[in-house]
Amino acid sequence: MGSPILRPQSNDFGGLFYDCESSCPAFSACGRKITAPCGCAWKLSSGMRHECSKCYIICRERKEIGPENSQYTFSDYLAEGKFLEQVSIQQERKLLFPLYVPYFTYFYQGKSLPIRWAAASIDTLFKRRVTLKGVLRTQFGTEVDTRRYLHVNGDCNLWVILNGKDSHLESFWGMGEENRLQTLQQLNEIGFSLGTGATFSVSDLTHMNTPMPQSHNIAMLKRHHQIIHELQKTGFYSTPNLYWNDEDRNEIERWANWLIANPNIQSISRDFTSTKNLSTVLIKMNELIQLLKMVGRSFHVVIVGTGVTTAPKVIELLARNGHTGTIVTASPIFDGGKSAIKYEIEHGAIVRVKDSDTARSELILNNMKVFEQMLSATVMRANSNYKFLKNLY
Numbered sequence: 202m203g204s205p206i207l208r209p210q211s212n213d214f215g216g217l218f219y220d221c222e223s224s225c226p227a228f229s230a231c232g233r234k235i236t237a238p239c240g241c242a243w244k245l246s247s248g249m250r251h252e253c254s255k256c257y258i259i260c261r262e263r264k265e266i267g268p269e270n271s272q273y274t275f276s277d278y279l280a281e282g283k284f285l286e287q288v289s290i291q292q293e294r295k296l297l298f299p300l301y302v303p304y305f306t307y308f309y310q311g312k313s314l315p316i317r318w319a320a321a322s323i324d325t326l327f328k329r330r331v332t333l334k335g336v337l338r339t340q341f342g343t344e345v346d347t348r349r350y351l352h353v354n355g356d357c358n359l360w361v362i363l364n365g366k367d368s369h370l371e372s373f374w375g376m377g378e379e380n381r382l383q384t385l386q387q388l389n390e391i392g393f394s395l396g397t398g399a400t401f402s403v404s405d406l407t408h409m410n411t412p413m414p415q416s417h418n419i420a421m422l423k424r425h426h427q428i429i430h431e432l433q434k435t436g437f438y439s440t441p442n443l444y445w446n447d448e449d450r451n452e453i454e455r456w457a458n459w460l461i462a463n464p465n466i467q468s469i470s471r472d473f474t475s476t477k478n479l480s481t482v483l484i485k486m487n488e489l490i491q492l493l494k495m496v497g498r499s500f501h502v503v504i505v506g507t508g509v510t511t512a513p514k515v516i517e518l519l520a521r522n523g524h525t526g527t528i529v530t531a532s533p534i535f536d537g538g539k540s541a542i543k544y545e546i547e548h549g550a551i552v553r554v555k556d557s558d559t560a561r562s563e564l565i566l567n568n569m570k571v572f573e574q575m576l577s578a579t580v581m582r583a584n585s586n587y588k589f590l591k592n593l594y
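Letter by letter, the sequence shown follows residues 202 to 594 in my numbering.
Each hint should be verified, as a subset may be incorrect.
For lysine-lysine, the following DSS-like pairs were computed, each having C-alpha atoms within a straight-line distance of at most 27 Å [as the list claims (entries may be wrong)]:
hint	residue 1	residue 2
1	Lys328	Lys255
2	Lys283	Lys264
3	Lys514	Lys283
4	Lys514	Lys295
5	Lys543	Lys312
6	Lys591	Lys295
7	Lys570	Lys312
The hints are simulated quantities; they were obtained by calculation from the structure and are not laboratory data.
Turn these sequences into a full structure, and let the hints steer you where they fit.
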C-alpha cells in the first residue's frame, strides 16, 4: 500500500540507535554507511530538526500519526517496497531494439508519425496531485484514444518511461500498490509493452548540504525495486533502472551480483534526465560499463534523457564495449515543435539552425530523421557488427 494520510507527531528524541546491525531493518542494504545511525538530518539552527511534517526525508527518527491515531514510523516506511534481493525479473523474450525512441510525440501536429516505437513519460501518463494520489490521464482510457493522442499508428510499439520529477514520482507512489497494479495492467492492455523502473531520487547531501541519511536512499531504492516487480506482474517487459550515489561501490556490487543471479535479464535502463553535463554523464556511463563488465555478459541499455550532443558519445561508448543501446529523448521533437530548430549534420555532428519558415511538423520529422541517422553512423563506426532496427520509415 502507499503511505496513509499522516499528521506530524513530536519526536521524543532521547538518544540514537547505536546498534544498527541488530536494530535497523535496512542494515543489510546499508552496511553501516557514514550517516549511520541515520538520525534527523537537520541542525538545530535550521528550524527543521524533528519537524517531520515539513520534511521529506525518511530517517530512523521519523514519527507521524497514521489512521486511528496509530504511530507511523521509519519501520513502516521501510516495509513499503522491496529489497533488491527480493526481486527476480524474467525477460524471456529476446528483443531487437531501435537506436532511438522519441517521447513527447503529442507535440506533433500531423496525423501520425512514421515510427515503429514511441514512449510516454510519467508526467505524460499521470496527473500529479500534490496532496492526493496520482491518476491516469483520460487520454489513455482506450488504445484508440492513446494512439490518437500520441500521434502513432496501430502497429507502433509503446513504452512506459517511469522517470520524472520527484513530485510526479511521489504522486505515483502515493497511488498505493493495488491502484498502481490496476493502472499498469490497464496500460499494458491498451498497448504499452515495455516499462522502465522509476528513478526515486537518491543523494549524498540534502538541499542544506547536510549528509543525507542512507536510510532515505535505501527507502527510495526499495520503491524502484517494487515498481519493476509490479511492471513484471502486470505483463510488461520490465526493465530495471540501474542507479546509485556517486562512487558507491557497495551499491554497484549489489547491482552486479543481482544481475549475475538473474541471467535472463538482458535489458536495463539508465536515466540521465537530471544530468546534462557531458563529463558527468560519461563518468556515470563508465561506472555502468565497469558494473556490466563485472557481470560478464552483453546488455541492451535504454538510455533516457540525453540530448542530441551527448547521445552519440553514449551510444558509441556502449558499442565499443560490446553492448547495444536505445536513446529515449524528447529533444528532436521539442526542438522542432517548440523552438523552431532544424537539425543539420556538419563535420560529423548535429548543429541546430533556427528555422521559423518551415512548418513545425516538418521540422520534427527532419530532426528525428537526422538524429537517427547520426546515431546509426556513430554505432557503425564504433562496431561494424552492431545490429539494430530503424524506427522511422
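Status of each hint after checking the structure:
Proximity of Lys328 to Lys255 is assessed by CA-CA distance (about 23 Å); at most 27 Å being required, the pair is judged to hold. With a CA separation close to 21 Å, the supplied pair Lys283 and Lys264 stays within the 27 Å bound. Using a Cα cut-off of 27 Å, the hinted pair Lys514 and Lys283 is violated, with the two alpha carbons roughly 34 Å apart. Taken as a hint, the Lys514 and Lys295 pair is honoured in the structure, with Cα atoms around 26 Å apart against an allowance of 27 Å.
Distance restraint check for Lys543 and Lys312: the Cα-Cα separation of roughly 21 Å lies within the 27 Å cut-off, and the hinted pair is therefore satisfied. Between Lys591 and Lys295 the alpha-carbon distance is near 17 Å, which keeps this suggested pair within the 27 Å criterion. For a cut-off of 27 Å, the pair hint linking Lys570 to Lys312 stands: about 17 Å separates their Cα positions.
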